[in-house]
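With the hints as constraints, model all of the structure from the sequences given.
Listed below, chain by chain, are the residues.
Number of protein chains: 4
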Amino acid sequence: MGPFQEQAWGYTGIFAKENGGGFLTDYSPQASKAIWDLDGVWASSRNVPGVRFIGNSHPGLFGCAPSHDLLAEWNRREQALIDQNPDRVTGDIPAHDGTVPGAPQVPALALPPLANDALLGTLSGSAFEKAAAEACRTIPPREHGGNVDIKDLGVGSRVYMPVFVSGGLFSIGDLHFAQGDGEITFCGAIEMPGFIDLHFDLIKGGMDRYKSTMPFFKPGRVGPNYSEFLTFEGISVENGRNYYLNATVAYRQACLNAINYLMPAMGWTFEQAYLFLGAAPIEGRIGGLVDIPNAAASISIPLSIFDRNILPS
Amino acid sequence: MGPFQEQAWGYTGIFAKENGGGFLTDYSPQASKAIWDLDGVWASSRNVPGVRFIGNSHPGLFGCAPSHDLLAEWNRREQALIDQNPDRVTGDIPAHDGTVPGAPQVPALALPPLANDALLGTLSGSAFEKAAAEACRTIPPREHGGNVDIKDLGVGSRVYMPVFVSGGLFSIGDLHFAQGDGEITFCGAIEMPGFIDLHFDLIKGGMDRYKSTMPFFKPGRVGPNYSEFLTFEGISVENGRNYYLNATVAYRQACLNAINYLMPAMGWTFEQAYLFLGAAPIEGRIGGLVDIPNAAASISIPLSIFDRNILPS
Amino acid sequence: MGPFQEQAWGYTGIFAKENGGGFLTDYSPQASKAIWDLDGVWASSRNVPGVRFIGNSHPGLFGCAPSHDLLAEWNRREQALIDQNPDRVTGDIPAHDGTVPGAPQVPALALPPLANDALLGTLSGSAFEKAAAEACRTIPPREHGGNVDIKDLGVGSRVYMPVFVSGGLFSIGDLHFAQGDGEITFCGAIEMPGFIDLHFDLIKGGMDRYKSTMPFFKPGRVGPNYSEFLTFEGISVENGRNYYLNATVAYRQACLNAINYLMPAMGWTFEQAYLFLGAAPIEGRIGGLVDIPNAAASISIPLSIFDRNILPS
Amino acid sequence: MGPFQEQAWGYTGIFAKENGGGFLTDYSPQASKAIWDLDGVWASSRNVPGVRFIGNSHPGLFGCAPSHDLLAEWNRREQALIDQNPDRVTGDIPAHDGTVPGAPQVPALALPPLANDALLGTLSGSAFEKAAAEACRTIPPREHGGNVDIKDLGVGSRVYMPVFVSGGLFSIGDLHFAQGDGEITFCGAIEMPGFIDLHFDLIKGGMDRYKSTMPFFKPGRVGPNYSEFLTFEGISVENGRNYYLNATVAYRQACLNAINYLMPAMGWTFEQAYLFLGAAPIEGRIGGLVDIPNAAASISIPLSIFDRNILPS
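Respectively, the protein sequence lines represent chains S, P, C and V.
Just so we're aligned: the first sequence equals residues 25 to 337 in the working numbering.
Just so we're aligned: the second sequence equals residues 25 to 337 in the working numbering.
Just so we're aligned: the third sequence equals residues 25 to 337 in the working numbering.
Just so we're aligned: the fourth sequence equals residues 25 to 337 in the working numbering.
Because the hints were derived from the structure by calculation, they are not lab data.
Warning: the hint list may mix true and false statements.
Below are the EDC-like pairs computed for lysine to aspartate or glutamate, each with C-alpha atoms no more than 16 Å apart in a straight line [to be verified]:
hint, chain 1, residue 1, chain 2, residue 2
1, C, K242, V, E252
2, V, K242, C, E153
3, S, K235, S, E167
As the structure is a computational prediction, the values presented were derived from the model and not from experiment.
Encoded structure:
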């Protein structure tokens, strides 16, 4: 797996809040991006100066197609979530003059099938219309895998995937040159055009034998390898409010703590630090998840990717 | 840091649901425990056969004392959480006959100061009463650190801690011989009696200079080191219901997927697999946190700690 | 760096003793080889069954051209070594009938310039003759680097090389898909046709500033990563004779101890184990080098590359 | 394993050339030493400023007692080595006035049993005299293990040792808090008073079954872990002379290249750099050992143990 040699670059994007936003959209609501220059195994960016790192290339998204029953279940439960607050929608791109009249409450809780403008390969006519009405969006991870954005699925990994329909109907995409845990800016990895080589073996009856309801895998052992980190903690308290054992909030606070530290240490804006955490091979870990009411999480940043010593002195 | 040589053992406990429970209390509501034999750097258990691993010793809990203002803020916001559902309480130990008449809804959302039976060192009289009425429980992690249960805070770590009162009033405890990310059984680490050696330097004005609102740290570089893992994924869907970007649910599903795989592979009960995930040096990672509506998380189990090859064959 | 996709294979060769031999030529004097199938980052061989491993690709040979003075010094000192025992020569390929009449004493102590059949690019006439008479062989490592066969010079490495002539005249070759320390079978790595991408910066006056008499480097941090090894020791005693602090003999004994263990454990012949140690990412380490009269060395073999548990049971 | 808490220090010594010397005795013939302060897992020294590192504690020496036949073989072959140049002896400590009249040629090729002043436990009388006349020195590594000074024999290792006499008669000593590969200053590790805890299992017939002629082992997986190194190469050319595939000379040249770089980079004397390489967890690797006439070796120094960036800039 790797980038096309003749297109040795990638990008990381922050979506605008009215376009769906990202993990820190309330702190950084404007769209932004970084262009990364790929130099062999290395990435660096004119937009995020002071760092250079070896990529942990992996596909963000892959899996076998769901059965019709499983697809129906996805649509059912996601519509039930939407129904909890249907006023939350993902806004369209704002008008060219930049005004957002009647700006919607964003982001949506979930996204239903998108009948308009669906991309459905060679389907046409009533087959197209039927599929467009029920084909789920490919954004979230689901039981088949999908857009899990797990950075450890790197080169050399062996993945055990459930198969739901005859023939499997495997698909893959969303190649990342590098990514931090959480892919927090939404287009948070270093998105790249590239190639990937895969091989398949079939384990008959494997889903039963291995009690498999989701893919599981043996990660590759190709690096990058780091041994020195600076780690920031977060707890599930946000804006003076306690959230009950909420790891999402705890990880957001860990990210914010890291950003607040990195901004003066590296001379970065909030957006630069945010883009960095989405794109670089940082580690996001679950801390204590049982010590009511607060979850803890941590984010660990490899020290050797900076061009200076960022430790307190 | 290490166990006392003359008490070379530890334990991992699952709390009963009516006593507060743990991360998987709805799946395993009974109390249970495992005793671990500590043999130098190694741990093994008669209660969880088939595994032996090197400990990743660390303190579960430490920090400097909060200021009175910070303590008041903790009590305010945690009471606000309790007030969302005050009927949820942590139950007392059930009666000896095992019946639980009028069993409470558990676990509580949060726990207020415990005026009865408070342990407050040498305080007495009105000073005792005042402190007992407002001293927060030491269970959750908070801004000072506290019970973060972050397993990477191992031997050789350097921690940068905020100081809130003159003199710092540092305390530490809850020594773990080993722990998996999440400490999921509540008493989930290998709890041990032991010793720890610490040193302190004071950075004047450090909280301002480093924008520190929580401890951050440089993890030690002492192992155990593993390079081969089996990794299970989870998404924020539970019992047919979608949860919006909820990393807690995603990690719970990853844990359940791991347990379902390990039970037949190792010949374990649910409780044995649950105790194992709480106590062994497993990695809990944040996957995609922006792909609405589903968060992804993963749990990675070192392969070399098993006495057999658990990979699919 | 990597193999050409359309030629995804490599080979490891043992040279026959009369053709120069290898590190264990007295124990395995016949020519032999293994063909390796390269499958992405993985290598396996029909000739060495039971192992599969991720390659540690690196160039065996590179450097800048020597000055005329340095070249003269190489020829002087290597001729002095040859003169210690000029009867030792590298034999020609034996006659087609397999007989080796008057077989020479091999291998030679060193090899002088090879005037016949020299490959000298576009040189011709007297320029060719002059160069052919003095151009050193490219087999050994020398002050400019050359054929160091150091497996840690992997992808992502940064090398600081001395420059001896204007323009540098850098050359590179001998791409290895994988290699064990020592490259003990002579063609011991997995030799492959492939590509490599390099970049250069010039440090003016760097040889003086950094006291550089040979290349030095910062190894890449791309794997493979292993954490579980089986390690064999060797000391500088061979055939009942003590060698004074001789790390070469100690490493040969470590290799032989490893081979003796692996043959029954894997069902291999001596040649198969020998080819394996030359080609796989095994670690060769210096042990004690000061404890007269014996040097110690060790060879560490990653356990996870075998398809079975080879540990004593 | 660790140092005694009440004696948290160790030392590294360079032996004077007339007292046996070390690996670089021709470059640094005077005695010298460094005192290391042990602070938990960390070591630092007032004598070698600018470095601080986590120890890789291990025993330098252990093994089961040889049989009488094996002991006789050791004495035979080592005497044969001594006989090659009996004028080489290890000198006595020089006279108090510092003069060394008729200084001997040192170090000796090997050392015979030392009848005078032998330390033989509770033996006395003729038993003492017999043992003193034939008991080999414990300095070198031999078939039973002995003073191998292999730094990877760290905490958590499992060693498979040959047994030569009934009861095994295991002994152990020479505890090192840390050591670099080669232990090049002779007392090159951080020698410490301390404790070690071992357990034994007996494999009946194991020497036959596993073709064991020397100890072999599975190294522990406790760190320190490093991922960023600066690596220096060496070849088997010394003082203008080529040595035939001599890894000892190649490693000495790698050490000298490292010292020449470190002296200006760290502001150290030759002795300080020499003590550092003996004591710190540096890696000594075998490079190409088959490319006649030159062996290659390398020495890799972890970058994070320095208090400054020592890379070329």
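Hint check:
As the CA atoms of K242 of chain C and E252 of chain V are separated by approximately 7 Å, the hinted pair is consistent with the 16 Å bound. Distance check on the hinted pair: K242 of chain V and E153 of chain C sit about 55 Å apart at the alpha-carbon level, beyond 16 Å; violated. Under the criterion of a C-alpha separation no larger than 16 Å, the hint pairing K235 of chain S with E167 of chain S is consistent with the structure, at around 13 Å.
Hint check: a violation occurs at hint 2 only; the rest are consistent with the structure.
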